[in-house]
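Participant: Take a look at the letters that make up each chain.
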Amino acid sequence: MLAVHQLYGRQSHAIDSGRAADWAATFTSDGEFRSPSYPEPSTGTAELTAFAERFHAACVESGEALHHVISTVDVAATGPDALTSTAYLQIVGTPRGESSRLLRITTIVDELVRTPGGWRIRRRVVLRDG
Amino acid sequence: MLAVHQLYGRQSHAIDSGRAADWAATFTSDGEFRSPSYPEPSTGTAELTAFAERFHAACVESGEALHHVISTVDVAATGPDALTSTAYLQIVGTPRGESSRLLRITTIVDELVRTPGGWRIRRRVVLRDG
Amino acid sequence: MLAVHQLYGRQSHAIDSGRAADWAATFTSDGEFRSPSYPEPSTGTAELTAFAERFHAACVESGEALHHVISTVDVAATGPDALTSTAYLQIVGTPRGESSRLLRITTIVDELVRTPGGWRIRRRVVLRDG
Numbered sequence: 001m002l003a004v005h006q007l008y009g010r011q012s013h014a015i016d017s018g019r020a021a022d023w024a025a026t027f028t029s030d031g032e033f034r035s036p037s038y039p040e041p042s043t044g045t046a047e048l049t050a051f052a053e054r055f056h057a058a059c060v061e062s063g064e065a066l067h068h069v070i071s072t073v074d075v076a077a078t079g080p081d082a083l084t085s086t087a088y089l090q091i092v093g094t095p096r097g098e099s100s101r102l103l104r105i106t107t108i109v110d111e112l113v114r115t116p117g118g119w120r121i122r123r124r125v126v127l128r129d130g
Numbered sequence: 001m002l003a004v005h006q007l008y009g010r011q012s013h014a015i016d017s018g019r020a021a022d023w024a025a026t027f028t029s030d031g032e033f034r035s036p037s038y039p040e041p042s043t044g045t046a047e048l049t050a051f052a053e054r055f056h057a058a059c060v061e062s063g064e065a066l067h068h069v070i071s072t073v074d075v076a077a078t079g080p081d082a083l084t085s086t087a088y089l090q091i092v093g094t095p096r097g098e099s100s101r102l103l104r105i106t107t108i109v110d111e112l113v114r115t116p117g118g119w120r121i122r123r124r125v126v127l128r129d130g
Numbered sequence: 001m002l003a004v005h006q007l008y009g010r011q012s013h014a015i016d017s018g019r020a021a022d023w024a025a026t027f028t029s030d031g032e033f034r035s036p037s038y039p040e041p042s043t044g045t046a047e048l049t050a051f052a053e054r055f056h057a058a059c060v061e062s063g064e065a066l067h068h069v070i071s072t073v074d075v076a077a078t079g080p081d082a083l084t085s086t087a088y089l090q091i092v093g094t095p096r097g098e099s100s101r102l103l104r105i106t107t108i109v110d111e112l113v114r115t116p117g118g119w120r121i122r123r124r125v126v127l128r129d130g
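Residue numbers (full-length UniProt numbering), protein chains in the order written: chain D, 1 to 130; chain B, 1 to 130; chain S, 1 to 130.
Heads up, some of the hints might be wrong.
[Claimed, not checked] A short, non-exhaustive set of chain B residues, derived as facing chain S with CB atoms under 10 Å:
id, residue
1, H5
2, L7
3, V69
4, S71
5, T72
6, A76
7, T78
8, Y88
[Stated by the list, open to error] Per the computed footprint, the stretches of chain D lying under chain B, defined by three or more beta-carbons under 8 Å from a beta-carbon of chain B, are:
id, segment
9, 28-40
10, 67-74
11, 84-91
12, 111-122
Hints were generated in silico from the structure; no laboratory data involved. Think of the CB as a built atom: it goes at the ideal place given N, C-alpha and C, for glycine as much as any other residue.
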């Protein structure tokens, strides 16, 4: 289950650093990402990579660095090669030359599967409260 | 010690989702919870469950979703079946339709014991600075 | 790799509690700490201890408790006895009698080595965005 913490760490640093392909590689090749912050889900490596590229390009354009802060991870086995995981994701923004501020907190609910390359996210649903 | 991270994840998602019995079940049946945010300690499964029910009912009534964000966990063995754990707990609030904001940061100091059902909290003391 | 999470937990609670020698002991005896928040790096146990003492004395003087919140840890082996680790570090401040607030978010990039006493930080570089 430590592998899930590790996957999340790698994933956040990838998207925040603009390494879009590395972010997409934390999903399966048919992986799905659904978030109320975006109008459409992204499905499959090509769409996921394009999503992460757009995300980072928007940060660069706006001049606000964003950090995906992951915490409070709860993992449960749903089969020998399947896990579900629930965690909190805080988006912290730092406009250039200004103070950091919490933009939003969400709950991520992931279905993970074991692959030859390690655990990967088959489906992520992002939930917002409030 | 990963079991403690897991217990904390499960615990936070339980109280934030209004699953009061699940939250109380992360304590031993004689478990104790003391926090300067509340006038009285809660002791034993019935009181702990009632505490979590009141907590969630107050969130629903106020229209502000609360998230218990756990991080920075430091676990030390104090015996073959006993641990102490210190962690940071941030309470993040999201009033309906508004931005999220950090309400407070506290330090939790837990005594944990191994039970047939896994590690459980025998005593939690919440500390506030500032 | 769980050992790195544990090291970070112990380290944050040490500096936030004013236990300067315990903080310095999470580095090797020739360990190095570089941060853009401070004009000079600190190198070796004596300088690291003095750094942590000054940090805590400044908190006491200002009346603002600071918490080093660690999250989103990504660890990779670079050799049998060497790791690199990247994580987010949020500094949360609580002025006496006031609300808590996020002061800044940084990325820490650590080189760790295995020692007889466990994993220790040989070099930490703190990065700031924005």
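Participant: Is the interface hint for B:S71 satisfied, with its Cβ closer than 10 Å to some Cβ of chain S?
Facilitator: The hint holds - B:S71 has a Cβ within 10 Å of chain S, the shortest such distance being about 5 Å.
Participant: Could you check if B:A76 really has its C-beta closer than 10 Å to a C-beta on chain S?
Facilitator: Hint on B:A76: holds, closest Cβ of chain S at ~8 Å, below 10 Å.
Participant: If you look at each residue in the segment 28-40 of chain D, do at least three have a Cβ nearer than 8 Å to any Cβ of chain B?
Facilitator: Since 0 is below three, the answer is violated.
Participant: For the restraint on B:Y88, tell me whether the closest CB of chain S is nearer than 10 Å.
Facilitator: Cβ of B:Y88 sits 6 Å from chain S, so the hint holds.
Participant: So, as I understand it, the hint says B:T72 touches chain S; can you test that by seeing if any CB pair is closer than 10 Å?
Facilitator: With a closest approach of 5 Å, the B:T72 hint holds.
Participant: Measuring from the C-beta of B:T78 to each C-beta in chain S, is the shortest one below 10 Å?
Facilitator: violated, 15 Å
Participant: Are at least 3 residues of the segment 111-122 of chain D within less than 8 Å of chain B when you compare beta carbons?
Facilitator: violated (count 0)
Participant: Next item in the hint list is B:H5. Is there a CB on chain S closer than 10 Å to its CB?
Facilitator: With Cβ-Cβ at 7 Å, under 10 Å, it holds.
Participant: Examine the segment 67-74 of chain D: at least three residues should have C-beta closer than 8 Å to a C-beta of chain B.
Facilitator: With 4 residues closer than 8 Å to chain B, the segment 67-74 of chain D meets the three-residue bar; holds.
Participant: Holds or violated: is the Cβ of B:L7 closer than 10 Å to a Cβ in chain S?
Facilitator: Hint violated; B:L7 Cβ to chain S Cβ min 14 Å, cut 10 Å.
Participant: Given as covered by chain B, does the segment 84-91 of chain D meet the bar of three residues or more with CB within less than 8 Å?
Facilitator: holds (count 4)
Participant: Regarding the hint that B:V69 lies at the interface with chain S, is the smallest CB-CB distance below 10 Å?
Facilitator: Check passed: Cβ of B:V69 comes within 9 Å of chain S, closer than 10 Å.
Of the numbered hints listed earlier, those contradicted by the structure are 2, 7, 9, 12.
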